[in-house]
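Asks: Protein sequences appear in the order of chains A and B.
Using the numbering used here, you'd call the opening residue of the first sequence number 1 and step up by one each time.
Using the numbering used here, you'd call the opening residue of the second sequence number 1 and step up by one each time.
Simulated from the structure, these hints should not be mistaken for laboratory data.
Among these hints, one or two may not hold up.
Stated by the list, open to error - Derived lysine-lysine pairs resembling DSS-like cross-links, with alpha carbons at most 25 Å apart:
1. B:K156 / A:K260
2. A:K61 / B:K91
3. A:K206 / A:K34
4. A:K91 / A:K6
5. B:K260 / B:K6
6. B:K156 / A:K46
7. B:K99 / A:K156
8. A:K34 / A:K91
9. A:K34 / A:K61
10. B:K46 / B:K179
11. A:K34 / A:K6
12. B:K99 / A:K61
13. A:K179 / B:K179
14. A:K61 / B:K6
15. A:K156 / B:K61
16. A:K46 / B:K260
17. B:K6 / A:K156
18. A:K156 / A:K61
19. A:K260 / A:K179
20. A:K91 / A:K46
21. A:K260 / B:K61
22. A:K99 / A:K46
Number of protein chains: 2
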Amino acid sequence: MTASAKDFANTHPSEIWEMIRSGQWTGPTPGMAKGYVQANLVVLPKDWAYDFMVFAQRNPKPCPVLDITEPGDPEPRMVAPGADLRTDLPKYRVWENGKLVAEPTDIRPYWRDDLVAFLLGCSFSFESALIEASIPIRHIECSCNVPMYITNIQCKPAGRLSGPMVVSMRPIPAPMVPKAVLATGRFPAVHGAPVHIGDPALIGIKDISRPDFGDPVPINDGEIPVFWACGVTPQAALMASNVPFAITHAPGHMFICSVKDADYAVF
Amino acid sequence: MTASAKDFANTHPSEIWEMIRSGQWTGPTPGMAKGYVQANLVVLPKDWAYDFMVFAQRNPKPCPVLDITEPGDPEPRMVAPGADLRTDLPKYRVWENGKLVAEPTDIRPYWRDDLVAFLLGCSFSFESALIEASIPIRHIECSCNVPMYITNIQCKPAGRLSGPMVVSMRPIPAPMVPKAVLATGRFPAVHGAPVHIGDPALIGIKDISRPDFGDPVPINDGEIPVFWACGVTPQAALMASNVPFAITHAPGHMFICSVKDADYAVF
Chain A
1 MTASAKDFAN THPSEIWEMI RSGQWTGPTP GMAKGYVQAN LVVLPKDWAY
51 DFMVFAQRNP KPCPVLDITE PGDPEPRMVA PGADLRTDLP KYRVWENGKL
101 VAEPTDIRPY WRDDLVAFLL GCSFSFESAL IEASIPIRHI ECSCNVPMYI
151 TNIQCKPAGR LSGPMVVSMR PIPAPMVPKA VLATGRFPAV HGAPVHIGDP
201 ALIGIKDISR PDFGDPVPIN DGEIPVFWAC GVTPQAALMA SNVPFAITHA
251 PGHMFICSVK DADYAVF
Chain B
1 MTASAKDFAN THPSEIWEMI RSGQWTGPTP GMAKGYVQAN LVVLPKDWAY
51 DFMVFAQRNP KPCPVLDITE PGDPEPRMVA PGADLRTDLP KYRVWENGKL
101 VAEPTDIRPY WRDDLVAFLL GCSFSFESAL IEASIPIRHI ECSCNVPMYI
151 TNIQCKPAGR LSGPMVVSMR PIPAPMVPKA VLATGRFPAV HGAPVHIGDP
201 ALIGIKDISR PDFGDPVPIN DGEIPVFWAC GVTPQAALMA SNVPFAITHA
251 PGHMFICSVK DADYAVF
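This is chain A alone, in the form it adopts within the complex:
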């Protein structure tokens, strides 16, 4: 019998790092270490890290920075002391000049003294808040990936970086929309409140049934499409801006922090 991510819902992040580091787990992470923050990874040469930080500061909803490592140091000391970002994610993507060149499970061969790692908040944190508020999440019901769309909302550029905002969409029963706004608004460090509610055309989405990333999900009668800023935005900006070298996590193969979702609630 093969283990599934949900078997590790109550496993501590430090044990999951060890499982991943020793090659015992190479799959996606959703469902593991329930209540702990899962984060997007972006690794860049120091030369590009400044532009990326300014881009994140100017676009905090899609780019909520949780931690930044010192150049060359793979340990995220604020959100996961003891972890090693070169080995403790199940799968990575290596990018050169905006093109995917490798999908390794260990990035030690690529590591350099000038690399800086950024961990960015991810929607799994606010989905916990939605679930606790008894709001159904369609892509979880459908066991598929969340649908994501490139919008006509331009991020504020910074230095050499620019790009459009990418959003994720969840259909919410109309009477529950205000509760969904409040429940996620408590978590500004992990995308926060929605950026748009209702008519997809108003933010440049032509066909809601054809997401740019992830999987399409049905929108039932009486449901409103609700759009949140998405952690794919910074990666999309890096790729669009022709960054010479970058490493990210592979989709769904996130880094699990040892801080909890609840630590990022404002109230």
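Using the hints provided, position chain B relative to the given structure of chain A.
Replies: The following block gives chain B in isolation, referenced to the frame of chain A:
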């Protein structure tokens, strides 16, 4: 009859920039342009800006970044389009190797193509929230500066920058303390909720009647000293870390943004 800051409580920030730029106003800014965000200014060579940003990201309560300019560009495009940070503050301080070398009213002679300006949130914003919640503010009652203290809470270091957290103190009647926490907690972008409530010795303050900066204020019977992270922290870290060149605002002579305090409320 001399004009006072309060005469300009209802003046728009863009008119105040013009007054300051043309030499008509060189005094402190508290009380001007009521409801608009007033900000701390830190100007650094690009070479130091990265360390400062990482320091701010790791220490968001004392260092809430509101805007960062592109190198050489004196316009804060996010929070005050049209303003010029070289001329639109009433007084500046120029620092070399941690020492104050000049207090000009115009920094155009010092400006360089590699300078980056940071605007940081300031407690005036959350004081408006306290006043709206009918919570008295002692240093305003006393018409003096807020008392500030160096604590034994160490900021998380970043690159070449380190230093202790500086806090401001306001005595609050005990029954109003929870309301003061909630009222300021709504504003995480401008220091947010207090960092400490009660016994000053627990955060290394030996004599509450002798602040390290600002003026002492009386604490009456039935009042609790409440401590908020203070925007002097990043300046103190810059000075302690022997930064070769920096420009800041002069105390009390803040930059007035054209965004409003209310824009930074989380809920």
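Asks: For the pair supplied as a hint, K61 of chain A and K91 of chain B, confirm whether the alpha-carbon distance does not exceed 25 Å.
Replies: Outside the cut-off at roughly 34 Å; violated.
Asks: Please verify whether K206 of chain A and K34 of chain A have alpha carbons no more than 25 Å apart.
Replies: Violated, at roughly 35 Å.
Asks: If you draw a straight line from the CA of K260 of chain A to the CA of K179 of chain A, is it 25 Å or shorter?
Replies: holds, 22 Å
Asks: Are the Cα positions of K6 of chain B and K156 of chain A separated by 25 Å at most?
Replies: violated, 35 Å
Asks: Would the pair K260 of chain A and K61 of chain B pass a check requiring their Cα atoms to be no farther apart than 25 Å?
Replies: holds, 19 Å
Asks: Against the 25 Å threshold, does the CA-CA distance of K179 of chain A and K179 of chain B hold or violate the hint?
Replies: holds, 24 Å
Asks: K34 of chain A and K6 of chain A: Cα distance at most 25 Å?
Replies: holds, 9 Å
Asks: For the pair supplied as a hint, K46 of chain B and K179 of chain B, is the alpha-carbon distance within the 25 Å limit?
Replies: violated, 41 Å
Asks: Hey, K156 of chain B versus K46 of chain A, does the alpha-carbon distance stay inside 25 Å?
Replies: holds, 20 Å
Asks: Is the straight-line distance between the alpha-carbon of K99 of chain B and that of K156 of chain A 25 Å or less?
Replies: violated, 36 Å
Asks: For the pair we were handed, K99 of chain B and K61 of chain A, check the Cα-Cα distance against 25 Å.
Replies: Violated. K99 of chain B to K61 of chain A sits at ~38 Å, over the 25 Å cutoff.
Asks: Hey, K34 of chain A versus K61 of chain A, does the alpha-carbon distance stay inside 25 Å?
Replies: The given pair, whose Cα atoms are some 23 Å apart, holds under the 25 Å limit.
Of the numbered hints given earlier, the model fails hints 2, 3, 7, 10, 12, 14, 16 and 17; all others are met.
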